[in-house]
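Participant: As they're listed, the protein sequences go chains A and B.
Start counting the first sequence at 1; every next residue gets the next number (this note's numbering).
Start counting the second sequence at 276; every next residue gets the next number (this note's numbering).
Derived SDA-like pairs: lysine to any residue, alpha-carbon spacing no greater than 20 Å straight-line:
id : chain 1 : residue 1 : chain 2 : residue 2
1  : B       : 492       : A       : 149
2  : B       : 580       : A       : 145
3  : B       : 583       : B       : 595
4  : A       : 148       : B       : 581
5  : A       : 148       : B       : 578
6  : A       : 137       : A       : 244
7  : A       : 148       : B       : 500
8  : B       : 492       : A       : 123
9  : A       : 137       : A       : 189
10 : A       : 137       : A       : 172
11 : B       : 492       : A       : 119
12 : B       : 580       : B       : 595
13 : B       : 492       : A       : 110
14 : A       : 148       : A       : 118
15 : A       : 148       : B       : 579
16 : B       : 580       : A       : 147
17 : B       : 492       : A       : 125
18 : B       : 492       : B       : 469
Hints are computed from structural coordinates only; laboratory data are not their basis.
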Amino acid sequence: MSREQDMTEHVVEFTNVSKTYNFGQPDAFTAIQNVTFSVSDLPDRGEFVAVLGPSGCGKSTVLRLIAGLAPQHPATTGTVLVQGQPVVAPGADRGMVFQDYTSFDNRSVLDNVAFGLECQGVAKAERHERAREWIAKVGLNVSTDAAKYPHELSGGMRQRVAIARTLILRPQIILMDEPFGALDPHTRMQMQDLLVSLWNEVQATVFFVTHSIEEAVYLGDRVFILSRSPGTLLHQIEVEPPNRPAMEMQQEAGFQKTVYSIRRILEDLESGQDS
Amino acid sequence: MNTEEQNNSEGSEQSTEDVTAPVTEQPAATEPRFQLFELRKQIPQWLAVLAGIASILLCAGIWYFVTAGPGEERVLGHSQLPSIGETVELLPTVWDSEAPERHLWDNTIKSLTRVVIGFALAVAVGIPIGIACGCFPLCRSFFAPLVLFGRNIPIAALIPLLLAMFQTGELQKYMFIFVACVAFIVADTIDAIADVAQRYVETALTLGAARLQIVFKVLVPLAMPTVFNSLRVMFGLAFGYIMLVEFMHEGDGAGGLGFLLNIARRRGITEYTVIIILTIPIVAWMIDQMLYVIQCWLFPWKYSKEAKRSLAYRVSERIIRLFWKRKVA
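Next comes chain A alone, as it looks inside the complex (with noise of 0.2 Å):
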């Protein structure tokens, strides 16, 4: 009965999920270690879980545990289950958005976002329509920016590119690895504002690991803190949701408040006071 309801009600759950790398030898590696977690569906909505951590605890590990991509995957003990089913293989139920440019460079704006459509066996002139819509819709210009390759495109653009092509096939689940780590201040909170706007619309749960404590207060509904590696899951804080701009948002002394509480969490798991 309770197990019914759970393969229902989880989009994701972890249950003591461990990571070792090379089990058993000398050199064995724990990456994470008995992540606990699940998270609902949130019916018309989606839930955002911004991850936090000191560098090198395991939150990409928790990322590519469910988008399924070796060497993490499978994990060495415990259950990773998305939707009520074992996570096998990648797949387009599944989006994710890495921090290094992954444009496919070959590939014009227009068929990378069309990438996804064209390996579902969509003809050629519905998904350009479609990835058209997208490239308005991540604010790049239609009529401008589709024919350009990725060489031409700066950090910020790119990552539109690739965040339309990830949305575009409609996942119930965005992974987003530090997605935004390599941009300036400025473009960085226009990237919020657009992935909240889109969010809205595409209504998924996302995993969002960043190492800017703002962007996960500012994003998230959820902020997962792990723990120093190997990486446990120390802290679920429930924060306000982005329903307004960045700039605006992030500047409040409530918000200002808790991004304090958060880094004094993560400055003592830093310095090793456990708590």
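Fit chain B to the known structure of chain A by using the hints.
Facilitator: Okay, now just chain B, sitting in the frame of chain A:
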């Protein structure tokens, strides 16, 4: 073009000013200060051309010096190296109609044809194998011994075997180029595919691409410029290899630049030797430029910036535009 030069001169003045001129002397700083040996800095085009010409003149000077004077007084005698004058004198005779089989131009074409056919064969076989090996480690392990053998056998050692197998006909020449190149093409294709960053594969996976879709939509297109680059180098080498077989082949119907070299040697006409030796690099360079232009047209997403700096590319652009206009009109 103009703005580029201005930028360059501005850059050079900035770097030299802090060493020589005091900060107060503003007018001195605006005057472009020129330094010949600037570390890793682009020099103006006229200077680059001048430097190249100087190098040619130096070689010609040495050539002139060692072959100056009458017969016995030369540092190198006529049987070792002819003088510049003697070589230029014989230049028109390489087109002499009385001995068409010795024409420089015809034999260059003959050599080139052999290389092109043998090389095309090697590409047609080598690239698919290389792609399969680059994508699937099992294929790679299967072909590893063959590639290892092919890459490490000295080219000349193959000549006796190929002579025995294919006699002295054209087929033997094609096969020689094929065998000499195919292992390198396979190996370079494997490397090119392996060099495509894993993050592209992971991105494609999370976008729902299947295995073969990743091979043909991601790995192969991204690796192709690197493959083409190594093909370009390889073709230059193959053009050198063909002389080797041609040089070995005596008797009728041989032909080719290597054959011409052998005739020149036997008849003791060193002028011909020099003319042929000077022709080969020029032809090789022209082919390389042609391949480079093709490369730029094939992969605009990689070379569109770089190509605009290449004279050969701009010439090709002109030609294509002329052609298009005519077609339209």
